[in-house]
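Engineer: Chains A and B, in that order, are what the protein sequence lines are.
Okay, so the first sequence: first residue is 0 according to numbering that gives the first Met the number 0, each after it adds one.
Okay, so the second sequence: first residue is 0 according to numbering that gives the first Met the number 0, each after it adds one.
Derived by calculation from the structure, the hints in this document are not laboratory data.
Owing to the predicted nature of the structure, the values given are computational and were not obtained by experimental measurement.
Each hint should be verified, as a subset may be incorrect.
For identical chains, the list gives no copy identity; a pair is met inside one copy or between any two copies.
Only pairs whose alpha carbons sit at most 27 Å apart, straight line, appear in this in silico DSS-like list of lysine-lysine [said to hold, decoys possible]: (1) K134 <-> K201; (2) K232 <-> K72; (3) K1 <-> K201; (4) K136 <-> K201.
Number of protein chains: 2
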Amino acid sequence: MKVDICFTPALYPYYSQDGENKIVVVVDIFRATTTMCAALNNGARSIIPVASIEEAQDYKAKGFLVGAERNVKRCDFADFGNSPFDYTEDKVSGKDVVFTTTNGTQAIEMANDAEILIIGAFSNIDAVADFCFEKQKDVIVLCAGWNNRFNIEDSLYGGALARRLIDRGYTSASDATQVALSMWNEAKADVRKYINRTEHIKRLEANNLQDSVEYCLTEDTVNIVPVYNKQIKRLVIWNS
Amino acid sequence: MKVDICFTPALYPYYSQDGENKIVVVVDIFRATTTMCAALNNGARSIIPVASIEEAQDYKAKGFLVGAERNVKRCDFADFGNSPFDYTEDKVSGKDVVFTTTNGTQAIEMANDAEILIIGAFSNIDAVADFCFEKQKDVIVLCAGWNNRFNIEDSLYGGALARRLIDRGYTSASDATQVALSMWNEAKADVRKYINRTEHIKRLEANNLQDSVEYCLTEDTVNIVPVYNKQIKRLVIWNS
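Please build the complete structure, drawing on both the sequences and the hints.
Structural biologist: Pasting the structure below:
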């Protein structure tokens with residue numbers, strides 16, 4: 000089996016063309032996919048990812064709980080922003096939560112016809128690696144990036160996941176995977192320091208939103224794999 | 000001034016949007032831009048880059064010298080393939096040469112409305128750095144990639160050029176530049192070894208075309224900067 004890494008959604012057509020029998024792992028470390036994992040781990044029944052603000056507003060009008068973010072800030076009409084700390088058990092347990100963010104939910108939309116689409120974050124990285132290995136399928140890590148530009152944090156996660164999969168017998172599919180592995184090799188001793196160079200850290204700090212950075216970089220705080228159910232168009236926890 | 004790196008042509012719209020007053024450096028290390036530099040250095044009067052095989056065939060029918068390559072192989076109808084060693088002084092001196100390749104000439108077409116488009120390779124890297132510094136403009140390195148996928152060799156060149164520009168006072172524009180700088184830092188002591196991991200080396204070796212790899216990775220063998228002249232739609236040597 001092979002593990003490949005697609006650095007931004009705009010490149011996905013060039014990475015998905017070799018066949019459909021793959022697992023796509025969508026990742027947006029700061030903060031959408033980390034937040035989705037937190038919400039489901041705190042008991043949300045499902046997450047309904049939508050790409051546009053308009054769709055989110057329609058759901059809000061129907062009485063749904065809505066998380067909505069653009070350019071790191073919470074949208075005024077929404078119940079939550081894009082911090083994993085917003086989605087506490089008392090607020091989300093048993094609820095369906097609508098969610099739209101600058102990059103993460105667009106990436107899900109780009110890949111929602113994949114045979115298997117799951118959500119990756121550092122918080123569930125071992126659970127994701129277990130899932131992929133158990134399925135015995137090729138893996139594409141789809142980085143959400145930033146407005147279709149390359150970003151470090153999502154690619155770094157790609158390297159960290161590729162490392163785990165290669166240790167279990169996967170092979171690197173591409174130059175992109177090789178570089179992500181090198182990034183992880185350089186970063187792993189002090190991920191927080193490595194991440195300090197990124198554009199997104201500056202964006203979060205400029206908006207006083209750096210409180211969740213440490214959490215977003217911490218491995219294995221939840222033991223779930225969110226999977227996209229195509230029939231109901233929602234993310235739910237995978238049950239083996 | 001800032002230096003940014005766009006990893007594949009498909010991402011160029013997301014890197015060129017912040018203003019047009021920039022220098023775009025198109026790079027396709029294996030082998031299109033290395034070959035263009037060699038042809039012009041050997042006395043070719045101009046290179047006429049065309050994106051399609053059909054255009055190249057039309058020029059051939061009109062009596063032009065034509066270099067044409069797809070998937071590393073020379074096209075049957077063409078005078079030359081994509082090796083820098085094909086374009087010797089006795090064959091190209093004083094001639095206009097039509098040129099089409101799998102990735103490099105597509106990248107030129109993608110960016111041909113840039114204010115200044117130049118051609119970069121390891122063979123002219125210092126000349127390119129001098130040119131950019133002299134113009135005092137922001138720089139985007141546009142990597143040709145492989146069928147719009149990320150490749151190591153072009154991104155590595157981006158890191159090598161960024162290193163030279165930053166040493167002269169430029170700043171890194173992005174996460175992409177940061178990662179390319181790390182790649183160069185890891186590779187520079189033994190570039191040939193670093194490049195051995197790439198997809199393209201395997202492709203060249205499978206077609207017995209590895210003879211020019213060493214040349215394509217050697218710095219500063221020519222002292223010219225090919226620049227795209229929009230009026231005549233040709234690449235010519237820049238005269239300061």
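Engineer: Report the numbers of all earlier hints that the structure fails to satisfy, in ascending order.
Structural biologist: Number 1 only.
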